[in-house]
Structure formats: structure tokens, C-alpha cells
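Residue numbers (our numbering), protein chains in the order written: chain G, 1 to 430; chain Y, 1 to 430.
Source of the hints: derived by calculation from the structure; they are not laboratory data.
It cannot be assumed that every hint is accurate.
What the hints assert, rightly or not - DEER-style ranges, computed between Cβ atoms:
1) Glu248(G) <-> Arg172(Y): 53 to 59 Å
2) Ser21(Y) <-> Glu168(G): 56 to 62 Å
3) Ala176(G) <-> Ser21(Y): 37 to 43 Å
4) Asp63(G) <-> Gly308(Y): 24 to 30 Å
5) Glu306(G) <-> Lys174(Y): 45 to 51 Å
Unchecked claim - Far from chain Y by the CB rule (all over 10 Å, computed), these chain G residues:
6) Ala27
7) Ala68
8) Gly72
9) Leu89
10) Arg96
11) Ala97
12) Asp125
13) Leu201
14) Ser264
15) Asp290
16) Phe291
Just so you know, even glycine gets a beta-carbon here, dropped at the ideal spot from N, CA and C.
There are 2 protein chains.
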Amino acid sequence: MAAALVRLSTRVSQSAEPPISDLMHRALAQPHLISLAAGFVDQHSLPVAETARAVAELAAEPDLARAALQYGTTLGHGPLREYVLDDVLAADRQPRAASGLTTDRIVLTAGSNQMLHLVTECLCDPGDVVLCAAPTYFVYLGLLDGLGLCGVGVATDRDGIIPEAVQEELLRRKAAGQAHRVKAIYVVSYYDNPSSATLSLARRGRLVDLVRRWSRDNGQQVFILEDAAYRELRYAGDDLPSLRAFDEAGDTVVYAGTFSKSFSPGLRVGWGMLPPALIEPVCHFKGHIDFGSAHFNQAVMARVIESGLFRPHVEKLRAIYREKLAAMLRACERHFGGVPGVRWHAPSGGLYVWLTLDPSLDAGPRGKLFDRAVAAGMLYVPGEFSYASEGVLPQPNTIRLSFGVQTPARIEAGIAALAQAIRETHSQTP
Amino acid sequence: MAAALVRLSTRVSQSAEPPISDLMHRALAQPHLISLAAGFVDQHSLPVAETARAVAELAAEPDLARAALQYGTTLGHGPLREYVLDDVLAADRQPRAASGLTTDRIVLTAGSNQMLHLVTECLCDPGDVVLCAAPTYFVYLGLLDGLGLCGVGVATDRDGIIPEAVQEELLRRKAAGQAHRVKAIYVVSYYDNPSSATLSLARRGRLVDLVRRWSRDNGQQVFILEDAAYRELRYAGDDLPSLRAFDEAGDTVVYAGTFSKSFSPGLRVGWGMLPPALIEPVCHFKGHIDFGSAHFNQAVMARVIESGLFRPHVEKLRAIYREKLAAMLRACERHFGGVPGVRWHAPSGGLYVWLTLDPSLDAGPRGKLFDRAVAAGMLYVPGEFSYASEGVLPQPNTIRLSFGVQTPARIEAGIAALAQAIRETHSQTP
Numbered sequence: 001m002a003a004a005l006v007r008l009s010t011r012v013s014q015s016a017e018p019p020i021s022d023l024m025h026r027a028l029a030q031p032h033l034i035s036l037a038a039g040f041v042d043q044h045s046l047p048v049a050e051t052a053r054a055v056a057e058l059a060a061e062p063d064l065a066r067a068a069l070q071y072g073t074t075l076g077h078g079p080l081r082e083y084v085l086d087d088v089l090a091a092d093r094q095p096r097a098a099s100g101l102t103t104d105r106i107v108l109t110a111g112s113n114q115m116l117h118l119v120t121e122c123l124c125d126p127g128d129v130v131l132c133a134a135p136t137y138f139v140y141l142g143l144l145d146g147l148g149l150c151g152v153g154v155a156t157d158r159d160g161i162i163p164e165a166v167q168e169e170l171l172r173r174k175a176a177g178q179a180h181r182v183k184a185i186y187v188v189s190y191y192d193n194p195s196s197a198t199l200s201l202a203r204r205g206r207l208v209d210l211v212r213r214w215s216r217d218n219g220q221q222v223f224i225l226e227d228a229a230y231r232e233l234r235y236a237g238d239d240l241p242s243l244r245a246f247d248e249a250g251d252t253v254v255y256a257g258t259f260s261k262s263f264s265p266g267l268r269v270g271w272g273m274l275p276p277a278l279i280e281p282v283c284h285f286k287g288h289i290d291f292g293s294a295h296f297n298q299a300v301m302a303r304v305i306e307s308g309l310f311r312p313h314v315e316k317l318r319a320i321y322r323e324k325l326a327a328m329l330r331a332c333e334r335h336f337g338g339v340p341g342v343r344w345h346a347p348s349g350g351l352y353v354w355l356t357l358d359p360s361l362d363a364g365p366r367g368k369l370f371d372r373a374v375a376a377g378m379l380y381v382p383g384e385f386s387y388a389s390e391g392v393l394p395q396p397n398t399i400r401l402s403f404g405v406q407t408p409a410r411i412e413a414g415i416a417a418l419a420q421a422i423r424e425t426h427s428q429t430p
Numbered sequence: 001m002a003a004a005l006v007r008l009s010t011r012v013s014q015s016a017e018p019p020i021s022d023l024m025h026r027a028l029a030q031p032h033l034i035s036l037a038a039g040f041v042d043q044h045s046l047p048v049a050e051t052a053r054a055v056a057e058l059a060a061e062p063d064l065a066r067a068a069l070q071y072g073t074t075l076g077h078g079p080l081r082e083y084v085l086d087d088v089l090a091a092d093r094q095p096r097a098a099s100g101l102t103t104d105r106i107v108l109t110a111g112s113n114q115m116l117h118l119v120t121e122c123l124c125d126p127g128d129v130v131l132c133a134a135p136t137y138f139v140y141l142g143l144l145d146g147l148g149l150c151g152v153g154v155a156t157d158r159d160g161i162i163p164e165a166v167q168e169e170l171l172r173r174k175a176a177g178q179a180h181r182v183k184a185i186y187v188v189s190y191y192d193n194p195s196s197a198t199l200s201l202a203r204r205g206r207l208v209d210l211v212r213r214w215s216r217d218n219g220q221q222v223f224i225l226e227d228a229a230y231r232e233l234r235y236a237g238d239d240l241p242s243l244r245a246f247d248e249a250g251d252t253v254v255y256a257g258t259f260s261k262s263f264s265p266g267l268r269v270g271w272g273m274l275p276p277a278l279i280e281p282v283c284h285f286k287g288h289i290d291f292g293s294a295h296f297n298q299a300v301m302a303r304v305i306e307s308g309l310f311r312p313h314v315e316k317l318r319a320i321y322r323e324k325l326a327a328m329l330r331a332c333e334r335h336f337g338g339v340p341g342v343r344w345h346a347p348s349g350g351l352y353v354w355l356t357l358d359p360s361l362d363a364g365p366r367g368k369l370f371d372r373a374v375a376a377g378m379l380y381v382p383g384e385f386s387y388a389s390e391g392v393l394p395q396p397n398t399i400r401l402s403f404g405v406q407t408p409a410r411i412e413a414g415i416a417a418l419a420q421a422i423r424e425t426h427s428q429t430p
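Bound-form chain G, shown alone:
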């Protein structure tokens, strides 16, 4: 008999396939490509010994181990929430007692991505607006699209998202009678993915003030969704206080963190520090959709920290990525030196170098450069994937390069291949 029509929900049927999927298929079809595309972490440094030791230690205390293998709570494993709170406050140089903050504000999630999802679901109805940097993390843009929401790209520079541009966009929305549709501003505040820009100290305070003032004047809270996923991957310069640290009333900033970059993405342990008004809605919704994240993984991460295995691992990662970043920057100097119009900045952390090419070049997935780069043996992420569908227009002459996965030698070879592809494309551009 003929198959009956499958009618999908509006939100799912209207969501586009992420452009990155096609790229991944191409990469899989040509396994010998040097991929400077995937934002994965360095494979060799993944903490096998540390994880196995933490599990063995846990297993030696059967009561604790059994508890970890049982259902946990929606908020998550208490000791890990304690650690997270201490750690964030220490990084922000806020004495815990004086801060008045407690673990009641910490919710553990399956990676920080789940926290971004939960908060966005709690705040936004279809058609609502989230402002974000242009460019910004394309997986979050996919999340917005998947929920039927509207991402709006706001101008950025080397110091991150520009508060005055945020203000202008808010005013534009207000003039259009849509002020109440803006629910959040998404900011990767440290070593942004893809631009590697870190929001400057001066802008942090200004952005929080601006959003608090706007929320008050407008009678509706706009939240700042601070994604601090890369904060621990700092290779030069000082750590800056988070946006959250400027939110003295604690009602404006959601701070999302993760152990995916600093320890292991395969454990999927992330967290949020939330304004009080969002704790209950986030937990209710989380309980409905996943009945709690993996308690075992939270207990293993807690043990990793208690046994002193976490900080040395982060230091080891910093040394590894520092070297890889240096290799990528050296290769850029060497191979792009003679290529007109190629520009980049040296990041002080994260996993990415953001490349701007001559404006005549299209680095997009349907352009000649992309095919030539693949033919030359390397893969990159077209920068245009990182622009929201509204606001600042996609810049087709941009490229995200990741130095997380490949060895220094392969980074060098990948950049050489890209330079060759750019040169070929230039010579054939009329």
C-alpha cells in the first residue's frame, strides 16, 4: 500500500540542514584531506589516564560509585556544582562569601550546548530575536534556526561585539515596534568561535550596563547569553573577568561553561550559572526532555578535580595549543606573505585563526576557491556559515581555520595548500 504522508512539526520541517553537514560529507569522502575545518580538540592529548584513574578511584568507594551510576538530580552532582562555582568566582576574583552566590545558581548540563538550548527554549517563541556577533558560532545559529528563531548579526571588530552596534540594533527593533521580540544577546566572550576576538574589558562593563538599562527602560529583561567555552584555552595575556562579573544584580547574564574544551568533549559535561528567575524554568524543561544528565560523568569530573588532575591537564593543553597556534601563525606568515589581501590577527587563545581574503575572492562552498583548496588537499570552514540570516551581511571572503586537531607539520602543509589555492584563484580572477 502507498506510504502515508509524514507530517513533521513546523519547527523541524522549517529548519534547514546545517551547511556544515555537506562539508563534513566531503571531508569523509576524502579522508586524506588535511582538515583545518573541524573545531575538535587535539586527539592525542585527550585525558585517557586521568579519566581511567578518576573512575578507578571512584570505584574504590562503592557507595559513591553506585550513587554515580544511579539517576542524579536535574540540577546535577553537588560536589561538581561547588567546584564550578568556586572556580568561576576565583577566575573573576570575586570572594565567594562577599558575592552572595550559592550553588543554587549552578545547573549542570550535557555540554554547554544543552545549556544554550535550554535557556533559548525558555526565553524564545518562534520569530523572537537573538542578537549575536557577526561572525558567530555557527552551531548556535543552527540551534536558533532549529527553534524557528531569528538570529541577527551585529558588527564586531578585534575587540569583539561593539556595544554601540548592539544599542543601534535594539533601537532599530524598537522603531519597528519589535522591541519586545529581542530576548537575548549571544556573546562568546573569550576567543570567539570563529573570529578568536575576546571582548575587551571596557566593552564588558559597557555591554552589561547597556543591556540592563535597556531592559529597565523597556520593561522586559533582555538576557546576555555568555558562552565562555574557550576561557580555559588561554595561551597569552591575562584572563579577563566575565560579563557575569559585571552583572552585579545577577539578573542579566547567563554564564555557560564546559569541560569539553578543557578536558573532554566525549564526557559532555557543561554548566550554566543562571539568574534566579531562570533556574526553575530551565530545570523544569530539562527534567521534561532528558530526565537528568549523566550523573556518572559529573561524578567523574568532580573526582578528576578533587584528585588534582584537572589544572595540570589544562596547563598541558595550553602548551600543546600554544605550539599549534604558533605553527599556524608561522605558516600564515610564510605562505600568505606574498598573497595580496590576506589578513589575520594573532589570537591569544581558543582554537581558531580567522582569515580575511581580498574582497574579490569568494571562499564560500560554491566558489572556486573552496574546490581548489580541496583539490590541493585541505579543508576549511567558509566564513559565511558564521553569519546570521539577518543583520550584518555574510562576508564571502572569510575563512575559519582551526588549529586544534592537526599536528604542526600538517597545519603547515594545510596552510601551504590553501595559499596555493588562493594564488590559483587570484590568477584566474579577471
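For chain G, the structure is supplied; the task is to place chain Y on it using the hints.
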């Protein structure tokens, strides 16, 4: 300055707090209560040694271990998907080659709860209808409520949901011009939570046929969401083929399974076997909202199975729960024997005994019996929590008892306390 209004999304602001939350708070406030409420698994049998051994074995192969600590794919760890497919087909006595089924149909999730969420999101718009047993799993009812959907309870008996009652409800919806709003039928096909009813063999084929015919005649596919969470917890009788096994075209039944009951809920590893039309939507949406489930946990479960640690553990669990179930049934005989109107059936699997009291008694959370039971030292789940907001009316004289957590001695003491509370309530009912 005054706090700005926090405007939550429609779906989140309209969702009610799950009634079970209040119960949990009461339980936590009186830790000495004997809880026959929580549907947790037996704490003492949680597989500490098995998990630690699997992790140690994995760590001894650093390439595999590192891969497990890296991001996985949206579909999940290949070897575990192979095992799941083999296992489901073996249980259903379908030779794999003849079945034509491949691992392309298997998606791993964070517990089966996430699979229920993903499929429900993919199919349903707010206001859409999911039919379910009356009574049914209250966490799934909470999920429906959390997504703004309408659960409709359909009549059941000892053999599970009644296909003719499903048909009648479908016809009622059609008569009201709402046939296209019915997207799915949720069925816990083995040892249902809370009723412990197992859908009879005869009904399995009838239900699948009925839904396929309805979908064809109506021009829109209705899916059966088969929740097989308790299938491995079988203490008597033979295993039955799943509803999925009756879905020869493979376009009607979503089969959701989990290692939460059969191994460890703290690992959160579940799965779905999906009709082809749902694979892509489910994976896209999953990728957007969680960027993949914990790869590490999937690899650990695969190793548990490869090392032959899984089946012996299931046998051990069966022996433990068989004894606990026997203790609960003995206690029911002993203590409810002289209490008028108390009825129950001996289940052949699962974690629950479903009690029906005299119709004059209100076992609900605001009734006298509930308070008396707590005063007598025990906690139960009021049966009324397990009824959808539409369809078959909640039966206030019902109780879910769980024998998963407590020892046989405490089960006996809990039932004695409940019997005392029932007797007291009877004697004071005019």
C-alpha cells in the same frame, strides 16, 4: 532599580510543575520514610565493578579511549549501534539478513527519554495530540505538557492498551475534524509504568495493523512510539516480539530502548530504532540542541557488552527484582487481605505493582490517605498522576508502588504502613 519583567516562552510558561515534584520535596523533608514511590533501580546492584573494568579495558587501548573522549557523531558510536540492532532483532527472532535492517536505523540518545523527546518534537506542533494508555508513564505526560501538546488517555486492561479504544478515539477525533492533529500513540509495551501490564501478543499485531490502516485511509502517518524501557526486566513468562516486529514496512513504529534499567541510569545511554522518514529530522534536531550525546558512555557500554559483562548483569538483576517483587506480593497478601476493596495483579516484570482501592477512597496528594501513609512512615505515587488531561478520567483510588529501591524487609514494612493507613481511612470514612 526595579527588576525588568522576565518574559518566558509560551511553551515553558504554560507548562505546569510536575505533580511529582511536590512529592519529592515531602520525601526529602522526611528522609526516614520508606519510599515505595521513586522508580529508581536497586542501588546495591549498580554495576560498579563492570563499569570500572570496561573503562580500564578501554584505557588499555589508548586509540580507542581517546576516540571515546572526543566528540562522537549524532547517530552515535558504531559498535554500540551494531549491538543494539543485533540484540533487538535476536529478541524479536528476526534474522538480521532477512530483516533488511541496518544500523542506519539506530540513533543513540541520552537515555530513551531523549529519544521520546526528539521524536515528539519532530512530529508535533502545539495542540497536537498523542494518545496514550490510561494510566501511563507520568514523565512522558510531563514531556507532552512541556511541549504544549495534548495527551489523551485511552482505556486499558490487564493486557495493556485496548486497540478498539484507540480506534474509537481516532474516530472521535476525525468526527471533530481533528484527525490530522493525532500524531502518535505512546505505548510502554513491556511491564508498563505504572500498571505493569504487558501488551498481549494478539493486541500487538492488531494495534500496528489498525494504525497502518488508519494512516493510509487518513493520508497522514500516525506513529506508534513504543517505549521498551522495561523489556529486559522480565521475571516470569516468555519475551514477546515488539510492536516494531509487527511493523513489516518499518514506517510506523519508533522503538525506544535504554540501558538505564538493565545496566545503569547514571550513564544515560538509550536508543531508538526509527522509521527511515524520521532519521534525518531526529538527527538534525538532535545535532542542533545537544551537539551529540556522550561518546564516552556509548563506548563504555559497547565494551561492557563485548567483554561479556552485560548479560550476566541482567540475569543478576532479574534474580534481585524477582525476590523484591515476591516480597511485595507476599506483603500485599498479608496486609491487604483483610482490607476491603484492595486489588492488584502480579506483574511478570518491571518495577511496579499497581493498586486499586475501594472507590470510596481518594489516594490523591490532597486526600487523607496520602497524609496518613506519610504519617505511618511510607510514601507512594498517587495513581492519578499517571492519567492524561484528556480522555479516560483519572482514577483517584489508585496507587503506584515501586519495589525497585527498597530491601524486601523495608518493602514489607512499607506495605504494612500503607495497609494501616488505608484501614484508618476506611474507619473514618462515613
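Hints and how they fare:
1. Glu248(G) <-> Arg172(Y): 53 to 59 Å: Check passed, 57 Å falls within 53 to 59 Å.
2. Ser21(Y) <-> Glu168(G): 56 to 62 Å: violated, 43 Å
3. Ala176(G) <-> Ser21(Y): 37 to 43 Å: holds, 40 Å
4. Asp63(G) <-> Gly308(Y): 24 to 30 Å: Since the Cβ atoms of Asp63(G) and Gly308(Y) sit about 26 Å apart, the hinted range of 24 to 30 Å holds.
5. Glu306(G) <-> Lys174(Y): 45 to 51 Å: violated, 60 Å
6. Ala27: holds, 13 Å
7. Ala68: violated, 5 Å
8. Gly72: violated, 7 Å
9. Leu89: holds, 23 Å
10. Arg96: holds, 24 Å
11. Ala97: holds, 24 Å
12. Asp125: Asp125(G) not clear of chain Y: closest Cβ-Cβ about 5 Å, inside 10 Å.
13. Leu201: holds, 24 Å
14. Ser264: Violated, because the least Cβ-Cβ distance between Ser264(G) and chain Y comes to about 4 Å, which does not exceed 10 Å.
15. Asp290: violated, 5 Å
16. Phe291: Check fails; 4 Å does not lie beyond 10 Å.
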